[in-house]
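> Line order of the protein sequences matches chains E and Y.
Each residue of the first sequence is one higher than the one before, counting from 1 in UniProt numbering.
Each residue of the second sequence is one higher than the one before, counting from 1 in UniProt numbering.
Zero decoy hints are in this set.
Listed next, the stretches of chain E that the computed footprint assigns to chain Y, with coverage defined by at least 3 CB atoms under 8 Å from CB atoms of chain Y:
#1 36-43
#2 55-62
#3 65-74
In silico negatives: residues of chain E with every beta carbon more than 12 Å from chain Y:
#4 16
#5 128
#6 129
#7 137
#8 143
#9 145
#10 155
#11 186
#12 192
#13 202
#14 215
#15 223
#16 229
Treat the hints as calculated values from the structure; they're not laboratory data.
Using N, Cα and C, we set each Cβ at its ideal position, and we do this for glycine too.
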Amino acid sequence: MSIVFQKPESLTDKTTIFCPGCSHGIIHRLVGEALDELELRETTVGVAPVGCGVLLYEYFRTDIVEAPHGRAPALATGIKRVRPDLTVFSYQGDGDLASIGMAEIMHAANRGEMITVIFVNNANYGMTGGQMAPTTLPGQKTTTTPTGRDCATHGSPFRMAEIMGALDPVVYSARVSAATPAKIMKAKRAVKKAFQNQKENRGFSFVEVLSTCPTNWGMTPVDAVQFVEKDMEAYYPLGVFRDACGGEK
Amino acid sequence: MNKKVLMKGNEAIAEASVRAGLAGYFGYPITPQNEFTAYMSYHMPAKGRAFVQAESEVAAINMVYGAAATGCRVMTSSSSPGIALMQEAISYMCGAEVPAVIVNIMRGGPGLGNIGPSQGDYNQATRGGGNGDYKMIVYAPSTVQEAVDLTYNAFDVADKYKIPVFILGDGALGQMAEPVLLPEEKPVMKGDQGWGLSGAKGREPRAVMSLRLAEGELRKHNWNLAAKFERIAEAETKYELTDTDYDVLVTAFGTAARVAKTAVRQLREQGIKAALFRPVTICPFPYAALADAAKQAKKVLVAEMNTGQMLFDVKVAVEGAAPVEFMGCPGGESFSPEEIAAKIKEMQG
Numbered sequence: 001m002s003i004v005f006q007k008p009e010s011l012t013d014k015t016t017i018f019c020p021g022c023s024h025g026i027i028h029r030l031v032g033e034a035l036d037e038l039e040l041r042e043t044t045v046g047v048a049p050v051g052c053g054v055l056l057y058e059y060f061r062t063d064i065v066e067a068p069h070g071r072a073p074a075l076a077t078g079i080k081r082v083r084p085d086l087t088v089f090s091y092q093g094d095g096d097l098a099s100i101g102m103a104e105i106m107h108a109a110n111r112g113e114m115i116t117v118i119f120v121n122n123a124n125y126g127m128t129g130g131q132m133a134p135t136t137l138p139g140q141k142t143t144t145t146p147t148g149r150d151c152a153t154h155g156s157p158f159r160m161a162e163i164m165g166a167l168d169p170v171v172y173s174a175r176v177s178a179a180t181p182a183k184i185m186k187a188k189r190a191v192k193k194a195f196q197n198q199k200e201n202r203g204f205s206f207v208e209v210l211s212t213c214p215t216n217w218g219m220t221p222v223d224a225v226q227f228v229e230k231d232m233e234a235y236y237p238l239g240v241f242r243d244a245c246g247g248e249k
Numbered sequence: 001m002n003k004k005v006l007m008k009g010n011e012a013i014a015e016a017s018v019r020a021g022l023a024g025y026f027g028y029p030i031t032p033q034n035e036f037t038a039y040m041s042y043h044m045p046a047k048g049r050a051f052v053q054a055e056s057e058v059a060a061i062n063m064v065y066g067a068a069a070t071g072c073r074v075m076t077s078s079s080s081p082g083i084a085l086m087q088e089a090i091s092y093m094c095g096a097e098v099p100a101v102i103v104n105i106m107r108g109g110p111g112l113g114n115i116g117p118s119q120g121d122y123n124q125a126t127r128g129g130g131n132g133d134y135k136m137i138v139y140a141p142s143t144v145q146e147a148v149d150l151t152y153n154a155f156d157v158a159d160k161y162k163i164p165v166f167i168l169g170d171g172a173l174g175q176m177a178e179p180v181l182l183p184e185e186k187p188v189m190k191g192d193q194g195w196g197l198s199g200a201k202g203r204e205p206r207a208v209m210s211l212r213l214a215e216g217e218l219r220k221h222n223w224n225l226a227a228k229f230e231r232i233a234e235a236e237t238k239y240e241l242t243d244t245d246y247d248v249l250v251t252a253f254g255t256a257a258r259v260a261k262t263a264v265r266q267l268r269e270q271g272i273k274a275a276l277f278r279p280v281t282i283c284p285f286p287y288a289a290l291a292d293a294a295k296q297a298k299k300v301l302v303a304e305m306n307t308g309q310m311l312f313d314v315k316v317a318v319e320g321a322a323p324v325e326f327m328g329c330p331g332g333e334s335f336s337p338e339e340i341a342a343k344i345k346e347m348q349g
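With the rest of the complex left out, here is chain E (with noise of 0.2 Å):
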């Protein structure tokens, strides 16, 4: 009997803590099957953030060091520096990266870092219990915009996927989803090209994932996905904003 479809070879066995309907495990897969299909696995460090992707090391066979909030990307920088050899990933949350650690990221992405960033986009912190983004869309309430956001107050949300795309030294900067199936499969594509860009030394490579936050967003698993697909994605256009090298759009 032949094998059509296995667990990727970089995660481990563990049975995951995220919440149920939660994308961060849909992530992880896609992260472990571009590390194992371009043969990363066992020269990669993956830089973990504070929030829920903190317990990266239980879930991928890597080497993982964590960081302190928003602080991966001067992580990675200081890995890659000093170990060009080893492929440098970050995965981020969207307070961790656009809020606290948003000159981190801008710095690290202007140098053009041969790094590879992950981007969980949940327009919410999910780790704290449901608060406003950077990212968080108009409108929208959480624990601490009980009337939903207001731009006149709380600012706009960020676009992180343009705003790095926007920077000369960034190759690649691409934004997903993982709503749908076939949503995912296009995102499986934008993350192995982020680190096929890193294996064959050509830069900084900035995936964006719009991803689902059920518990925080006080809706069923089904429902996070339509909201997903209808609200996030009418503010967060899908799409490549950046490709220095050419290929998938």
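We have chain E already, so just place chain Y on it with the hints.
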């Protein structure tokens, strides 16, 4: 034969670090240690090693954390307000047991203060500074040569105990030029040290982390860190006692100790019995050695370029064996030897 060369403190410490097998330097400019970053910006890339001028001190120390987690020798340097910004990552590195060398060329504070030499960061360096229950090794050199030697060896000590090591100097040490004998150059270590993150080839994956969620795990870890520090205190505590016969024992560290040493020499030439006790490691503090030395003293003087921070440790060590007096100089300035000599004379009565 190795010859002495005249070097500015900041550059001499930087060169000693390069010679210790430094793989990466990550820093952010701040006065009075700017020569350090400038020196590294040339000498590290010239040797094919990593140099990054980070976007902030916060980023610089986190680059150090990441790079150090691979098992390479890496460092940063800064001055007081910059070190304050680094405390978060230093706490993480202590929790994750990652070695590195961090140089603080202190300036006047609090806040922006001024750019003069100060010892106002004694408490910050010796009491942790970041969140949680940890200590670091803190060397307080008083000459450029000593700074070179301590920095060069600090990398070995950091690796041995997997702990960040501080070099605590001040603007005077960083800016003065003195003849120094430089140590031999060591190769950069990039092999697997048995714990670092080098890619999980042919072995189980490793995690460098400070998160310990399961019940009892953090308690156990913190007791282990405390036990490690006990071993460090036993093996690595350093101090200098200039004389064996004295009535007044002056205690001082770093630049203040250098000035106090001159005062003590001058007084001894006049037949006045004074001596200097100088902690070289201010953490671990040489409590036992000072307790011993204080037994012979009629009086103990603490001289610091702050309002009295090491004073607390001296009092703990002396424990009432002799009266302790304090003289401070907290404005980003130093004492003159005459000021210290006058105080000793006054104490002698």
